[in-house]
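Number of protein chains: 2
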Amino acid sequence: MASKHLGNQTVALQSPPYIAATACVVGKKEGAGPLKAWFDFISDDSYFGEASWEKAESVMLKQCFGIACDKGKIAPSDLQYIFAGDLLNQCVSSSFAMRDSGVAYFGLFGACSTMGEALSLGAMCIDGGFADAVCAMTSSHFCAAERQFRLPLEYGGQRSPTAQWTVTGAGAVILKNGGGSGAHITHITTGKIIDAGITDAGNMGAAMAPAAFETLKAHFEDTERSPEYYDAIITGDLGRFGHNVLMELFDREGLGFPKTFTDCGVLIYDRPRQDAHSGGSGCGCGAAVLSGYILHNMLEGKWNRVLFCATGALMSATSAMQGQSIPGVCHAVALENIQEV
Amino acid sequence: MASKHLGNQTVALQSPPYIAATACVVGKKEGAGPLKAWFDFISDDSYFGEASWEKAESVMLKQCFGIACDKGKIAPSDLQYIFAGDLLNQCVSSSFAMRDSGVAYFGLFGACSTMGEALSLGAMCIDGGFADAVCAMTSSHFCAAERQFRLPLEYGGQRSPTAQWTVTGAGAVILKNGGGSGAHITHITTGKIIDAGITDAGNMGAAMAPAAFETLKAHFEDTERSPEYYDAIITGDLGRFGHNVLMELFDREGLGFPKTFTDCGVLIYDRPRQDAHSGGSGCGCGAAVLSGYILHNMLEGKWNRVLFCATGALMSATSAMQGQSIPGVCHAVALENIQEV
Numbered sequence: 067m068a069s070k071h072l073g074n075q076t077v078a079l080q081s082p083p084y085i086a087a088t089a090c091v092v093g094k095k096e097g098a099g100p101l102k103a104w105f106d107f108i109s110d111d112s113y114f115g116e117a118s119w120e121k122a123e124s125v126m127l128k129q130c131f132g133i134a135c136d137k138g139k140i141a142p143s144d145l146q147y148i149f150a151g152d153l154l155n156q157c158v159s160s161s162f163a164m165r166d167s168g169v170a171y172f173g174l175f176g177a178c179s180t181m182g183e184a185l186s187l188g189a190m191c192i193d194g195g196f197a198d199a200v201c202a203m204t205s206s207h208f209c210a211a212e213r214q215f216r217l218p219l220e221y222g223g224q225r226s227p228t229a230q231w232t233v234t235g236a237g238a239v240i241l242k243n244g245g246g247s248g249a250h251i252t253h254i255t256t257g258k259i260i261d262a263g264i265t266d267a268g269n270m271g272a273a274m275a276p277a278a279f280e281t282l283k284a285h286f287e288d289t290e291r292s293p294e295y296y297d298a299i300i301t302g303d304l305g306r307f308g309h310n311v312l313m314e315l316f317d318r319e320g321l322g323f324p325k326t327f328t329d330c331g332v333l334i335y336d337r338p339r340q341d342a343h344s345g346g347s348g349c350g351c352g353a354a355v356l357s358g359y360i361l362h363n364m365l366e367g368k369w370n371r372v373l374f375c376a377t378g379a380l381m382s383a384t385s386a387m388q389g390q391s392i393p394g395v396c397h398a399v400a401l402e403n404i405q406e407v
Numbered sequence: 067m068a069s070k071h072l073g074n075q076t077v078a079l080q081s082p083p084y085i086a087a088t089a090c091v092v093g094k095k096e097g098a099g100p101l102k103a104w105f106d107f108i109s110d111d112s113y114f115g116e117a118s119w120e121k122a123e124s125v126m127l128k129q130c131f132g133i134a135c136d137k138g139k140i141a142p143s144d145l146q147y148i149f150a151g152d153l154l155n156q157c158v159s160s161s162f163a164m165r166d167s168g169v170a171y172f173g174l175f176g177a178c179s180t181m182g183e184a185l186s187l188g189a190m191c192i193d194g195g196f197a198d199a200v201c202a203m204t205s206s207h208f209c210a211a212e213r214q215f216r217l218p219l220e221y222g223g224q225r226s227p228t229a230q231w232t233v234t235g236a237g238a239v240i241l242k243n244g245g246g247s248g249a250h251i252t253h254i255t256t257g258k259i260i261d262a263g264i265t266d267a268g269n270m271g272a273a274m275a276p277a278a279f280e281t282l283k284a285h286f287e288d289t290e291r292s293p294e295y296y297d298a299i300i301t302g303d304l305g306r307f308g309h310n311v312l313m314e315l316f317d318r319e320g321l322g323f324p325k326t327f328t329d330c331g332v333l334i335y336d337r338p339r340q341d342a343h344s345g346g347s348g349c350g351c352g353a354a355v356l357s358g359y360i361l362h363n364m365l366e367g368k369w370n371r372v373l374f375c376a377t378g379a380l381m382s383a384t385s386a387m388q389g390q391s392i393p394g395v396c397h398a399v400a401l402e403n404i405q406e407v
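Chains as they are written, first to last, in the numbering used here: chain B, 67 to 407; chain W, 67 to 407.
Simulated from the structure, these hints should not be mistaken for laboratory data.
These numbers were taken from a predicted model, which means no experiment stands behind them.
Incorrect hints may have been included.
Remember, identical chains collapse to one label, so a pair may be satisfied in a single copy or spanning two.
To be verified - No more than 27 Å apart at the CA atoms, straight line, and that leaves these computed lysine-lysine pairs for DSS-like: (1) Lys70 - Lys242; (2) Lys139 - Lys242; (3) Lys139 - Lys70.
The shape of chain B in the complex, shown without the other chains (with noise of 0.2 Å):
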């Protein structure tokens, strides 16, 4: 076994990256939402200026990377490597965006686990000597992920109340070598896919759950931590529903389930007022939130240690329509505070 791997799933990071620098790009409703102050930027239009949905979707992305070498005052040459993916059909939405940037290109395709499969490989590629600075981002755009993957806006369907709403974001987080304080990536726990027969794809919470149940339960083994040892452990999109899924899932083994766990899902929205169901989803979800709220939270020192869980559904349109069911996934990167040495 590689001297880095602990257990069956996880890795130690030697030189665990430090997070350099973030962005959050949202649309109108993320933005009306309980995080707004957090999100770098709001757009008001969710076109973002352009003729469709999914290349406002790119042009969001791509002002979020933008938004993050501002803010890390990092040329976009100084990155080797950008690891990035989303929810469009052959992932149009990264490669559009990264077209111009000129950096080494990593396509990912985790669904919604995206920020998290992206944040794993970044990281990797730093700890493993083959990088010093990469960037890892992701999105999503509500209107462009429902009319792929559900119903055309136009046709009004009343949702289900399991539905979750595609967040309308995008978050790109830089990673660097060397001995940045602040937030590092310490730990990662790559997920297996995992099946538990779902075919309802309104209740993508469910399809997830025991996903994310299984990550972290490896998780937790392979460290040898409890879920005490986090100050919060957030998954990316299970909304409420799925939320409850998994709690129901820690009861029946016996595990504790502490107050710390909570859903990027069920923070982004105030679910009743902003008519939300249960909540949002997307890659988009997890990774604005990410790079907003928890980061923030970590930085200001709230939270030292946070164990973020972004959970992907891995099904197109064409396999929910040949009867498939919905395959989960589910990677957790640690991200700890450490002080400059």
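Using the hints, position chain W against chain B.
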């Protein structure tokens, strides 16, 4: 700059991982082509016993993974990570193929460059000390790709001379740490996204050739190697037209273009006899030719140094319909025979 970085886009591995096993599974047309002797399994049934082409692709990839594990005498539980992706929307071929594997899973989207990307990240993961054994794999299926990207097969449309034939095929490569003999991954040159403004989805070779050119140029500059260093330099799926564009780009820059340059899309079909127009394409094209023909030639010592340059077009049917041009990317890995010490 990190210690393993050479120049701008290339890393040199300190402990090059070796190729412990490979497998390739293809369809009937590929099995009737000039490379038939090197495929592990040729299916007469393009449905692979399934009810849809998407499910067929997934089953083909799963079968390919099983053969690779079998040939390498490696249980899936001995692998720390799987790196996989494909062309289907939301990469469902890969995630459904691997949903029962029980292995930590990194989903990738590199379009037809996926095998290059998976080998790059897998090798970096091993060299970085995060894993002892990983599997890199990908697939494509002619029928699933045609209806997703172009026209329903039933339409029976004429194909332009520049059109390529998406390979029905899968390839899997198991990489391991340590002193095995044979082909090792020694250098990795990761591609930037290059958009030359091509908008014809029936001429993907021309869209990808500029990306191949930029990655090759970066590789030679970064490593201070000349093309003559390699016994073979093989792009993934430029096809005949794309290959000619690449030769022209080298000519224009006054760089030599040795006879050792070829392309998996040119090699896989007997083009006039098999009505394959410009040649093969798809994730499975480079992956199956690498896993069979190329690595067989290395095993036999016919070639000792090969530069495998997987090419991809990062477009979707939606981006094409919205008038977007086709960005390309190319990820190169240097494979070198090293004797066990």
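Now for the hints, and whether the structure bears them out:
1. Lys70 - Lys242: both (19 Å within a copy, 16 Å between copies)
2. Lys139 - Lys242: So Lys139 and Lys242 pass the 27 Å test inside one copy only (12 Å; across, 39 Å).
3. Lys139 - Lys70: Between copies, since 24 Å is at most 27 Å while 31 Å is not.
Checked against the numbered hints above, the structure breaks none of them.
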